[in-house]
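**Q** Same order as they appear, the protein sequences are chains V, F and A.
At position 292 of the first sequence (counting the first as 1) the number is 279 in my numbering, and the numbers step up by one without a gap.
Add 761 to a position in the second sequence, counting from 1, and you land on the number used in my numbering.
Add 115 to a position in the third sequence, counting from 1, and you land on the number used in my numbering.
Careful, some of the hints might be misleading.
Claimed, not checked - Below, in silico cross-link-like pairs of lysine-lysine (DSS-like), each with a Cα-Cα straight-line distance of 27 angstroms or less:
#1 Lys882(F) - Lys926(F)
#2 Lys926(F) - Lys843(F)
#3 Lys277(A) - Lys843(F)
#4 Lys843(F) - Lys888(F)
#5 Lys888(F) - Lys926(F)
#6 Lys238(A) - Lys843(F)
#7 Lys133(V) - Lys19(V)
#8 Lys843(F) - Lys882(F)
#9 Lys882(F) - Lys280(A)
#10 Lys280(A) - Lys888(F)
#11 Lys981(F) - Lys784(F)
#12 Lys882(F) - Lys238(A)
#13 Lys280(A) - Lys926(F)
#14 Lys888(F) - Lys277(A)
Just so you know, the hints here were simulated from the structure itself, not pulled from any lab data.
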Amino acid sequence: MSKRDKTIYWTGFAIIVGLLIIAPLVLPEFWKRFLTEILIWGLLAMSSDILIGYTGMVSFGHSAFFGLGMYGAAAAILLFAPPQMLLALVFGLIAAAAVSVFVAYFSTRLRDIYFAITTLIFSQIFYVIIFTWTEVTGGENGLTFKRPELGIPGLWSTPFTTETLHWFVLAIVTASYLILRRITQSPFGMVLQSIRENEPRTRAIGYPVERYKIMAVMLSGLFAGLAGVLYAIQNRFVAPDFVFFLVSGEVVIFNLIGGIGTLVGPIVGAASFLLLREVLSRVLTEHYLIPVGIIFVAMVIFLPQGLLGFMRRWLNR
Amino acid sequence: MSTAGAPIQSLVSVEDIHTYYGKSHILHGVSLTVGAGEVVGLLGRNGVGKSTTLKSIMGLVHPAEGRITLAGEPVTNLPAHKLARLGIGYVPEDRRIFRLMTVGENLRIGLDRSGVTEARKQELLDKVFSYFPVLGERRNQAGGTLSGGEQQMLAIARAMMLEPKIILLDEPTEGLMPRMVSQIREIIDVLHREGVAILLVEQNVPMTLEASQRVYIMEKGAIRHHAVASELSVDDPVIHQYLGV
Amino acid sequence: MTIPWDLIVIQTINGIVTGMILALVASGLTLIFGIMDVVNFAHGELFMLGAYLGVVVMATSGNFWLALVVSVLVVALLGAALQIVTLRPLLGRDPLMTILATFGISLVLQNYALWQFGPVARKIPEPFTGRFHLFYLEYPYYRLMIAALSGAIIGGFWLFLKYGKFGIWIRATTQDRLMAQAMGIPVPLVLTVSFAIGAGMAAASGVLFGPLVGVNHIMGLDWVLKAFIVVVVGGMGNLGGSVLAAIFISLLEAYASIWVSPAQAVIVSFIVLILTLLFRPTGLFVPTPK
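Isolated chain V, as found in the complex:
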């Protein structure tokens, strides 16, 4: 990126982050939490972008990573009293990582549609297991628990307020964004993109495409699991609904609306969708999904590059 572009980019970045920091101080209670939730879904969508936008692998499995991160965190919180933040993170990430290894294995042996359908089935497998294994997972009703406190174990801790939780989530999401951005711009990220552009050629040049795909899936799964952990912490509640494949579908919608291959696009997509849903549901009660669905299909036909698609090249330089 040229010097000038860099300045523009980082200025924009700083402004947006600044606004997000100030936001909870001025917004009413409901919107504070809504904003935090947007960030969490944005993180999930961003993790999915690594696969769809950068490696060219369409996956409907993100609900599995998300869900397992969530349930992993719930397990840590319920098993240890008082609930520990760090343990929740660790458990959630390990659970998500385990699932990603499983999915990653199949990703190398299947292409395109077969991979997409298979990831969808995996989400459903976990859904069924969680739904029916009531003794452990709470089944249909899910699990509720207390929110762990923010702090360093043994030294200091303080309970979260809506504002501090928001800043905590903002910090993690921003850090994730920066890390993922760094990765996509690294040689590794370049190879992923080359796999998306032309897989046979990438292989012909000599890259171990399978290995890269596995790493992409694991990377994606980890951050999706992280989003799950954050969701569990924010909402103090987990349920099998989040593992249902429709959630993955929604995530892919966020990606498309915002613009795949941009990392920020999916966050914008998540925000747009959730806002649209919130606004429409107040006007149209439960049937907001009808116009939302129609808008989405129209976007697929007429604006497939998404809202930020036009910035894709620029954001990735």
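On the provided structure of chain V, position chains F and A as indicated by the hints.
**A** Same frame as chain V, now just chains F and A:
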């Protein structure tokens, strides 16, 4: 570029077309004509755009610029299936018969047109089986079980079922034994006698010069030379220039 | 462990009945995929709408067969309209886009049904209520009829593909779209009609299956998932394979239900899918290609 005498009635006229595959600029202003009932050859090395020219005429790709007319009517952006019904037959480079369908079914597709009586259909079938007896024998076999040469015959035969005014032949003799090559040569003559125009893309220079009335020579996506076939011999310097190894 | 033979026989029949309906749904899906490379996420919703239309026509006319015919025709038309408006513009683009588009359509249709019919399940009454004695059960003749009728529809469709003029056009377009065009086949029309046929088949399944379960707006979800599994296991684009796979998977699930709950029995189909993808990805019943 030298010019030959203008054909009597132009059946197909291609005017200055530019065709792209994605970003690749394949045809750079190709112009040619084929008269009614004429056999016209299109020669050139591999990759110069001969197949793309045929596909452009057939409507399988659409030129970004330029015009194509059929019997005086502009047809530049019509879809291929309409052009087939207007009288353009196409025999592609890799034959591409429907391998999972029988010989009979392959032929039947061209026959199922409105306005064709059952009697006429039978006539056409009988005619094609008389030219290609082997197809009659293999009538109920799947296309994929035929040999290369038989598939080529089927590809030509099913184009004939459309009763076209012009047939676009893309390298019909490629990979065929000499005996089959002369069979193809005979078919071209038969079609010519019946008044069907042919645009023949070939690597086989002697056969093309023999069979055609006029030839065009292409290089790098454009027509470089145009001559009456009888005035050109295999050793002509022009041939060596554009086609020699 | 004593083998519950009576349960096994009952479940065999149940498995075949469900399998035939699944086969009908999957046939439509595989036709659509084979001819235009579209993974039709909305297929389950077409099934669901078919069932609801069946409810509506039954309620007004009381005639089951009329319900079946009307439902098939209306949903087929809807399918054609959807294909023309949303899928035609996407022809030739990244296949991901068609998956997303059909996913979007499925959301719209699902919620439309919820809006129009509400969340409470409806029922389609059985067209006739004869029963026969099967061990200790009174087994409805109706279930046997569904299996037979589904089989008849699939059989009729197969004949149409093999001998009908349009059927040949469908086969040609599936094999080689470009050459089909060059042979004068009006490919855009063939694609639209094929989608309509697939939709119609889904609707028929919905109406036939309606009397067995309650009709609600999310009934499509389960079915579309199972249908996808069937299509992949049977070999994508392979009609015979889909039918066999549908019966095979339904039988396995039915047997599994003897020992575990139905909600858990679905894992059987997942396992079959995974095994197929690992060892015979072109399809369980398809000879490995040369």
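**Q** All hints, please: hold or fail.
**A** The hints, checked one at a time:
no. : hint                  : verdict
1   : Lys882(F) - Lys926(F) : holds, 17 angstroms
2   : Lys926(F) - Lys843(F) : holds, 14 angstroms
3   : Lys277(A) - Lys843(F) : holds, 25 angstroms
4   : Lys843(F) - Lys888(F) : holds, 25 angstroms
5   : Lys888(F) - Lys926(F) : holds, 17 angstroms
6   : Lys238(A) - Lys843(F) : violated, 48 angstroms
7   : Lys133(V) - Lys19(V)  : holds, 20 angstroms
8   : Lys843(F) - Lys882(F) : holds, 20 angstroms
9   : Lys882(F) - Lys280(A) : holds, 14 angstroms
10  : Lys280(A) - Lys888(F) : holds, 22 angstroms
11  : Lys981(F) - Lys784(F) : holds, 16 angstroms
12  : Lys882(F) - Lys238(A) : violated, 53 angstroms
13  : Lys280(A) - Lys926(F) : holds, 24 angstroms
14  : Lys888(F) - Lys277(A) : holds, 25 angstroms
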